[in-house]
Amino acid sequence: VQNQVDEVIDVMQENITKVIERGERLDDLQDKSESLSDNATAFSNRAKQLRRQMWWRGCKV
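The opening residue of the sequence shown carries number 1 in UniProt numbering; numbering runs sequentially from there.
Read the hints as simulated data drawn from the structure, not as lab findings. All figures in this text were calculated on a predicted structure; none of them were measured in a lab. Note that the Cβ used here is the ideal one computed from N, Cα and C, for glycine as well. Hints may contain errors.
[To be verified] The list that follows gives simulated cross-link-like pairs (lysine-lysine, DSSO-like), each with its CA atoms no further than 27 Å apart:
{"hint": "1", "residue 1": "Lys18", "residue 2": "Lys32"}
{"hint": "2", "residue 1": "Lys48", "residue 2": "Lys32"}
{"hint": "3", "residue 1": "Lys48", "residue 2": "Lys60"}
[Said to hold, decoys possible] Label pairs and their calculated CB-CB ranges:
{"hint": "4", "residue 1": "Val19", "residue 2": "Asn39", "range": "28 to 34 Å"}
{"hint": "5", "residue 1": "Gln49", "residue 2": "Val11", "range": "53 to 59 Å"}
{"hint": "6", "residue 1": "Val11", "residue 2": "Lys32", "range": "27 to 33 Å"}
{"hint": "7", "residue 1": "Arg51", "residue 2": "Leu29", "range": "55 to 61 Å"}
{"hint": "8", "residue 1": "Asp28", "residue 2": "Gln49", "range": "27 to 33 Å"}
Construct the complete structure from the given sequences, taking the supplied hints into account.
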């Protein structure tokens with residue numbers, strides 16, 4: 001019986017370690033996705049500015 005208890009304890013410790021590692025990876029993924037979203041917004045804003053500039057240049061010519 002003690003051997004089974006020891007095995008269960010080992011398995012549970014491994015599971016806890018895996019859950020902690022998974023949480024860390026999820027945090028990293030969230031940070032990366034927020035950064036990507038910020039970059040996409042900045043790109044979109046810059047594209048709008050550039051489109052307007054090119055339109056005005058076309059009007060001046």
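Verification of the supplied hints:
Using a Cα cut-off of 27 Å, the hinted pair Lys18 and Lys32 holds, with the two alpha carbons roughly 21 Å apart. In summary, the hint linking Lys48 to Lys32 is supported, as the alpha carbons are separated by about 24 Å, within the 27 Å threshold. Distance restraint check for Lys48 and Lys60: the Cα-Cα separation of roughly 19 Å lies within the 27 Å cut-off, and the hinted pair is therefore satisfied. About 31 Å separates the C-beta atoms of Val19 and Asn39, a value consistent with the hinted range of 28 to 34 Å.
A beta carbon spacing of about 57 Å between Gln49 and Val11 agrees with the range 53 to 59 Å that was offered as a hint. As the Cβ distance of Val11 to Lys32 is approximately 31 Å, the hint placing it in 27 to 33 Å holds. Checking the proposed 55 to 61 Å range against Arg51 and Leu29 shows it is violated: the Cβ atoms sit about 32 Å from each other. The given range of 27 to 33 Å is respected by Asp28 and Gln49, whose C-beta atoms sit roughly 32 Å from each other.
In this structure, only the earlier hint numbered 7 is contradicted, and the remaining ones agree with it.
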